[in-house]
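Could you build all of it, start to finish, from the sequences and the hints given here?
These protein sequence lines map, in sequence, to chains A and B. FYI, the numbering for the first sequence is 99 to 219, going by the numbering used here. FYI, the numbering for the second sequence is 99 to 219, going by the numbering used here.
Hint data in this document are derived by calculation from the structure and do not stem from the laboratory. Predicted, not measured: the structure shown is a model, and the values here were computed from it. It is possible that part of the hints are untrue.
Copies of the same chain are indistinguishable here, so a pair counts whether it falls within one copy or spans any two.
[To be verified] Simulated crosslink set (SDA-like; lysine to any residue; CA at most 20 Å straight-line): (1) K174 <-> S193; (2) K174 <-> L197; (3) K150 <-> A113; (4) K174 <-> D184; (5) K174 <-> W190; (6) K174 <-> A199; (7) K174 <-> F189; (8) K150 <-> A110; (9) K174 <-> A192; (10) K174 <-> A195; (11) K174 <-> E191; (12) K147 <-> A129; (13) K174 <-> S125; (14) K147 <-> R123; (15) K150 <-> D106; (16) K147 <-> A110; (17) K174 <-> E188; (18) K174 <-> D198; (19) K150 <-> D163.
Chain residues, written in single-letter form:
Protein chains: 2
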Amino acid sequence: MSIDSRLDATFAALADPTRRAILARLSTGVATVNEIAEPFAMTQPAISKHLKVLERAGLISRDRDAQRRPSRLEPKRLAEASEWLDQYREFWEASFARLDAVLEELKRPKQVSRRRKKDTK
Amino acid sequence: MSIDSRLDATFAALADPTRRAILARLSTGVATVNEIAEPFAMTQPAISKHLKVLERAGLISRDRDAQRRPSRLEPKRLAEASEWLDQYREFWEASFARLDAVLEELKRPKQVSRRRKKDTK
Numbered sequence: 099m100s101i102d103s104r105l106d107a108t109f110a111a112l113a114d115p116t117r118r119a120i121l122a123r124l125s126t127g128v129a130t131v132n133e134i135a136e137p138f139a140m141t142q143p144a145i146s147k148h149l150k151v152l153e154r155a156g157l158i159s160r161d162r163d164a165q166r167r168p169s170r171l172e173p174k175r176l177a178e179a180s181e182w183l184d185q186y187r188e189f190w191e192a193s194f195a196r197l198d199a200v201l202e203e204l205k206r207p208k209q210v211s212r213r214r215k216k217d218t219k
Numbered sequence: 099m100s101i102d103s104r105l106d107a108t109f110a111a112l113a114d115p116t117r118r119a120i121l122a123r124l125s126t127g128v129a130t131v132n133e134i135a136e137p138f139a140m141t142q143p144a145i146s147k148h149l150k151v152l153e154r155a156g157l158i159s160r161d162r163d164a165q166r167r168p169s170r171l172e173p174k175r176l177a178e179a180s181e182w183l184d185q186y187r188e189f190w191e192a193s194f195a196r197l198d199a200v201l202e203e204l205k206r207p208k209q210v211s212r213r214r215k216k217d218t219k
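In structure tokens form, the structure reads like this:
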């Protein structure tokens, strides 16, 4: 599978609040379908469908042998998605820095602003 | 829009190689639809559709006044997605560390392995 296909599958799998909540649940440890389904107002087949999407995207693995097929978080594809996003880090850091500068300027007492204006003459 | 709806829209918008390539193009500067469409084997209406998805997700903004409506990268939602992924960082770092340890063990000369075994007796 190419990096592009993997990112397609990862981001598509993450575009759902239930699937994101399932990953959060699995970050506390392996769990069976029943254990995963418990906090959700969802049937077990509905949860199973979400698990299939997550498994196909490589975000979880499931034990083939054990009877209740516990699911386990697989973090590799999350790392890949994070790495892809990281190339835009300089953009958001620059934009947050600009916002901070504006807020700082708004907080500054008027008098100080006037003094700064004189200084720059 | 709730954080969950924003993450849904962001991840869904990112689950497409053309849209990811458009964001990469816009990271080099603002661009019109024609400029964005140029490197793709796609019609301008097809590119416009992708721009609409990116705009609705808040990943780009488009100039309403200028005639050619240049698009601009908006990094805030990418930062939010990155922050969400970051909560799993300890998992992938631990799993990469385990892999490194296994590779290190495989690289170790046999003699040293034997000596280590004796040491632990």
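Checked hints:
1. K174 <-> S193: Cα proximity of K174 and S193: across copies only (8 Å, versus 29 Å in one copy).
2. K174 <-> L197: For K174 and L197, only the inter-copy Cα distance (11 Å) is at most 20 Å; the intra-copy one is 34 Å.
3. K150 <-> A113: Classified as both; 15 Å inside a copy, 17 Å across copies.
4. K174 <-> D184: both (15 Å within a copy, 13 Å between copies)
5. K174 <-> W190: between (24 Å within a copy, 6 Å between copies)
6. K174 <-> A199: Between copies, since 16 Å is at most 20 Å while 37 Å is not.
7. K174 <-> F189: between (25 Å within a copy, 9 Å between copies)
8. K150 <-> A110: So K150 and A110 pass the 20 Å test inside a copy (13 Å) and across (18 Å) alike.
9. K174 <-> A192: Only across copies: K174 and A192 sit 11 Å apart there, 28 Å inside one copy, limit 20 Å.
10. K174 <-> A195: between (31 Å within a copy, 12 Å between copies)
11. K174 <-> E191: Close across copies (9 Å), not inside one copy (25 Å); limit 20 Å.
12. K147 <-> A129: within (16 Å within a copy, 40 Å between copies)
13. K174 <-> S125: For K174 and S125, the Cα distance is within 20 Å only inside one copy (13 Å; across copies 26 Å).
14. K147 <-> R123: Within. Shortest intra-copy distance 16 Å satisfies the 20 Å Cα cut-off; inter-copy 36 Å does not.
15. K150 <-> D106: both (16 Å within a copy, 18 Å between copies)
16. K147 <-> A110: both (14 Å within a copy, 18 Å between copies)
17. K174 <-> E188: Between copies, since 11 Å is at most 20 Å while 23 Å is not.
18. K174 <-> D198: Only across copies: K174 and D198 sit 14 Å apart there, 34 Å inside one copy, limit 20 Å.
19. K150 <-> D163: For K150 and D163, the Cα distance is within 20 Å only inside one copy (17 Å; across copies 46 Å).
Violated hints are absent here; each numbered hint is respected by the structure.
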